[in-house]
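Working from the sequences, and respecting the hints, build out all of it.
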Amino acid sequence: MSLEGTRNCGCGYGNNTEVSMMTSNMNNGCGCDTERTVDCDLKEEMLQQIRSYDFAINELALYLDTHPEDEKALCLHRKYCKQARDLKDKYQKVYGPLTINYPCNKWRWLEEPWPWERGNY
Amino acid sequence: MGKGELLMWTYNKTLQYPINIKCTDPKLAKVIISQYGGPDGELAASLRYLSQRFGMPDQKAKAILNDIGTEELAHLEMVGTIVHQLTEGASIEEIENAGLGAYYTDHGVDVYPQSAAGMPFTAAYIACKGDPIANLQEDLAADK
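Heads up: the protein sequence lines correspond to chains F and X, in order.
When we follow the working numbering, the leftmost residue of the first sequence carries the number 1, and every step to the right adds one.
When we follow the working numbering, the leftmost residue of the second sequence carries the number 1001, and every step to the right adds one.
Hints are supplied without guarantee of correctness; some may be wrong.
[What the hints assert, rightly or not] Calculated pairs, DMTMM-like style, for lysine to aspartate or glutamate (alpha carbon to alpha carbon, straight line, at most 20 Å):
| id | chain 1 | residue 1 | chain 2 | residue 2 |
| --- | --- | --- | --- | --- |
| 1 | X | 1060 | F | 69 |
| 2 | X | 1030 | X | 1096 |
| 3 | X | 1022 | F | 117 |
| 4 | X | 1062 | X | 1072 |
Think of the hints as simulated: they come from the structure by calculation, not from any bench.
Please read all numbers here as calculations on a predicted model, not as lab measurements.
Okay, here's the thing in structure tokens:
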């Protein structure tokens, strides 16, 4: 496999992706004006997926701290960061913010129970 | 700055790993609390790494201390959640039978950083010697 092949993990970094990322960041509809019905199974499934991405990102980051030249790990890190960000955007629009830097017209930070109260657990 | 790109430490409103304990067990909580604020608990681990990073000369080791010290804070929250859920809804009698009567007197339903023996958390649990090799030895011992 060529080096180019190893690099192609589908992380979407390349020619025109900066533009598409900008566009997705402009779409700031937080969903707080729309009627919400909570699908608990879907919520839990999405959250589990987010946690899985975050865990993988974190472990890859620790590995990259001591192996910064590893192209494959770097590529996987980029891929998971993008996927995690897209999924978090979707999740937060429906189920409320996961961090306080998620913009919203209504302060939904208070609505969901906290992790120790089995909210977003 | 796009969404999700942070300028500093920012809280994520989810646990690193989900915790949903259904059975109250204050006796277990009394032991597990050491992993919260005991000598080799998560608070000590976090402060150990985050304090040692300032004097670390090596680029890779600086990053590792920073990033592991940060992850330990997520572990701290998980252990605190375990203690909270294990004691949640316990009767005064159950609290007393578990040997947590004295704890309850001082701390109520809070999760206080202390060892299993009831010693309050102290920075004496960690070593920052201004010598990277000595510090890494301390880290090895603490993570054993």
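Going through the hints against the structure:
no.: 1; hint: X/1060 to F/69; verdict: holds (12 Å)
no.: 2; hint: X/1030 to X/1096; verdict: holds (11 Å)
no.: 3; hint: X/1022 to F/117; verdict: holds (12 Å)
no.: 4; hint: X/1062 to X/1072; verdict: holds (15 Å)
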